[in-house]
Amino acid sequence: QKEVEQNSGPLSVPEGAIASLNCTYSDRVSQSFFWYRQYSGKSPELIMSIYSNGDKEDGRFTAQLNKASQYVSLLIRDSQPSDSATYLCAVYMKTSYDKVIFGPGTSLSVIP
Amino acid sequence: GAGVSQTPSNKVTEKGKYVELRCDPISGHTALYWYRQSLGQGPEFLIYFQGTGAADDSGLPNDRFFAVRPEGSVSTLKIQRTERGDSAVYLCASSFGRGNEQYFGPGTRLTVT
Numbered sequence: 001q002k003e004v005e006q007n008s009g010p011l012s013v014p015e016g017a018i019a020s021l022n023c024t025y026s027d028r029v030s031q032s033f034f035w036y037r038q039y040s041g042k043s044p045e046l047i048m049s050i051y052s053n054g055d056k057e058d059g060r061f062t063a064q065l066n067k068a069s070q071y072v073s074l075l076i077r078d079s080q081p082s083d084s085a086t087y088l089c090a091v092y093m094k095t096s097y098d099k100v101i102f103g104p105g106t107s108l109s110v111i112p
Numbered sequence: 001g002a003g004v005s006q007t008p009s010n011k012v013t014e015k016g017k018y019v020e021l022r023c024d025p026i027s028g029h030t031a032l033y034w035y036r037q038s039l040g041q042g043p044e045f046l047i048y049f050q051g052t053g054a055a056d057d058s059g060l061p062n063d064r065f066f067a068v069r070p071e072g073s074v075s076t077l078k079i080q081r082t083e084r085g086d087s088a089v090y091l092c093a094s095s096f097g098r099g100n101e102q103y104f105g106p107g108t109r110l111t112v113t
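Chains A and B are the protein sequences, given in the same order.
Take the first sequence: its position 32, counting from 1, is numbered 32 in this note's numbering, and each next residue is one higher.
Take the second sequence: its position 92, counting from 1, is numbered 92 in this note's numbering, and each next residue is one higher.
Hints may contain errors.
[What the hints assert, rightly or not] Footprint (simulated), chain A over chain B, 3 or more residues, beta carbon under 8 angstroms:
no., region
1, 41-47
2, 63-69
3, 94-102
Keep in mind that the hints were calculated from the coordinates and are not lab data.
Ideal Cβ placement from N, Cα and C applies to all residues, glycine included.
Could you build all of it, start to finish, from the sequences and the hints given here?
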């Protein structure tokens, strides 16, 4: 099992819909979780961080963390074409690696 | 304030040559990271600095790769005897500490011909 896995894309949603991006991780005691957005040809841009179980909302973005299930997700409400990008999940695995491990990313396409 | 900067933005070199890639982190960030990203992949960890010292270089693929951060700010990634397989985007990020939010520079696209 890879350390950080994301649902394979590409994911296509119509404009205005909710996009759901999922991530699972292997280190049971991971502490910090991050979502990055990466436009084609650009570097990753931090959009959300979450550290405790539950939901964290920031504008149209909601991060959800379930440590018992080793699962973190990102919901994008009212998706816009400008949200079309690759979304990277990153997990700080303090115990096993003591570093942030990135997933492979999920490509999202929002169709006008 | 200013973000992470990286130079050059693009570098084309011939196989066997030596290259240096530079990273200037966000002011006040003590942690600095180098990653390598190939098309369709997530960033792959190379090395982490806390201050001037390389706290973790476990991601460096072999001894052709070396990085320094002599004054605890700017860092240089050095690649000797470049190979075509070294072609990738090299990303630098900085943060207040390990496990904290990392902020990335624009990257250097290295092409080895």
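Here is what the structure says about each hint:
1. Coverage of the region 41-47 of chain B by chain A holds. Counting CB-CB distances below 8 angstroms, 5 residues qualify, and the rule asks for three or more.
2. Check result for the region 63-69 of chain B against chain A: violated, 0 residues qualifying (beta carbon to beta carbon below 8 angstroms, three or more required).
3. Proximity of the region 94-102 of chain B to chain A, defined as three or more residues with a beta carbon under 8 angstroms from a beta carbon of that chain, is established by the 5 residues found.
When each numbered hint is compared with the structure, a violation occurs for hint 2 only.
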